[in-house]
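Trainee: Single-letter residue listing:
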Amino acid sequence: MKAFTYEKAGSPQEAARCAQQTPGAKFIAGGTNLLDLMKLEIETPLHLIDVNGLALDAVEATPDGGLRIGALVRNTDLAADMRVRRDYAVLSRALLAGASGQLRNQATTAGNLLQRTRCPYFYDTHQPCNKRTPGSGCAARDGYSRQLAVVAASEHCIATHPSDMAVAMRLLDATVETVRPDGSERAIPLAEFYRVPGDTPHLETVLEAGEFIIAVVLPPPLGGTHVYRKVRDRASYAFALISVAAVVQPDGTGRVALGGVAHQPWRREAADEAMAQGSGPVFDALFHDADPTESNAFKLVLAKRTLASVLAEGRATP
Amino acid sequence: MSTPHDTPMLQDAEKPPESAPHTLPVTLHVNGQAHSLHVDSRTTLLDALREHLHLTGTKKGCDHGQCGACTVMVNGRRVNACLTLAVMQDGVEITTIEGVGTPEDLHPLQAAFIKHDGYQCGYCTPGQICSSLAVLAEIKAGIPSHVSGDLLAAPALSPEEIRERMSGNICRCGAYANILDAIEDYAGGQTS
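In order, the protein sequence lines correspond to chains A and B. Here this note's numbering is used: position 139 in the first sequence is 139, and no number is missing along the way. The number in this note's numbering is simply the position in the second sequence, starting from 1, with 318 added.
The set of hints was computed from the structure by calculation and includes no laboratory data. Glycine included, every Cβ here is placed at the ideal spot set by N, Cα and C. There may be inaccurate statements among the hints.
Unchecked claim - Just some of the chain B residues that point at chain A, by a computed CB distance under 10 Å: (1) T362; (2) D381; (3) R395; (4) N398; (5) E411; (6) A429; (7) I432; (8) V453; (9) L470; (10) A474; (11) R483; (12) L498.
Please model the complete structure; the sequences and the hints are all you need to start from.
Mentor: Have a look at this one:
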């Protein structure tokens, strides 16, 4: 691990200003992803701003009946919050499907959104990777791509976003609240939070230099039946090959988002509109322009079948 | 030297050159005892416990949060000690296997691991035991898991629940069946 200086942030705005002004600065919260990457020298911050002391660890009701989740709420606590279990079950289920108990105790809401891909070529510093070293090329395209993206990828990057939580957040139309170094705040819909890889896969989100996430806000509950189905190589403690998050209403309408297939949680308006027509049209709307590799084309079959199963379960559950 | 709490924002000119080690004071409260240390900012909690405090019961397996051998309790919650920095744990209560029991005064769960042969080489055992104790506390606190059928009901103390919740602790010797027996035996005694 490269040496770095360290400080504890006094306030969100101070953290944002410091991050903008200090070369090579990064925020650290749970640290479960960042420290792993620092040990491998994939991340080499010169300065860490520890934000764990900030009072951003509450889940609060919003005036319109939604929930405001502090950036530092740990994954365990969010999954166990009775309001989330009752009204946003798909989010509890997604969180509980991810990582291990130890990791969920440390990992935070904001950190989960910002975690990096688990593409094996991003992790192998001896291989080219446009995300890790811009312009070096993509070893994954013609390599071991079984885990990687099947849609919206580019010739420069086929990495997936590894989060389960983010898939449920995207399904629920979550909004990311931030503070910028000048003290101004803004709300970014999660739908607009991640950038397409294009030819700049190292730029993953629309966050500006120093911009700091303070909360994630959920709109009022949707009702309906909530399902999160994760398909993976092991029954527990493994990243998704694919995952399907769905909210299905009694009349068969609803919404759906997938994990493990793209650089971000994969949701499309046309797929939601096709919900009442059955899983075939939903699949077509999500994947009509898919461009899998030879080794991950199976994900499309898996997605189609899992969608059918999840939508059937959603309709069958009163 | 100032403490991390009152370190002022570093300006560019004050920053040490790249790769210069940066040392900070930290007070670790481990098993009820306070230890004031000066550590390199890069020191993980795991390395601080083992190399600075010589509490070698906590094991380094993968050092990447994948195996669970380094599991300790921080303020009563299990975490991977390899994936947090010592300086981030200033002042919090840390419990390691040395604080759970000793060879002369075994914790009942440690005795259950011996009784059920819940290990072969024993390297993962301290992490398994710290994790198990936290798992039972999590079930008692009503925290759901991936295999909980009803999110709104209290989770059951079932083999399925224990297996799922222990998935962050790998046993290379494959003693899982006996580990589960040990946990169930101990937990059965606890619930009466």
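Trainee: Run every hint past the structure and note whether it holds.
Mentor: Hint by hint, here is what the structure shows:
no. : hint : in the structure
1   : T362 : holds, 7 Å
2   : D381 : holds, 7 Å
3   : R395 : holds, 5 Å
4   : N398 : holds, 5 Å
5   : E411 : violated, 14 Å
6   : A429 : violated, 23 Å
7   : I432 : violated, 24 Å
8   : V453 : holds, 7 Å
9   : L470 : holds, 6 Å
10  : A474 : violated, 15 Å
11  : R483 : holds, 5 Å
12  : L498 : violated, 14 Å
Consistency note: the structure conflicts with the earlier hints numbered 5, 6, 7, 10 and 12.
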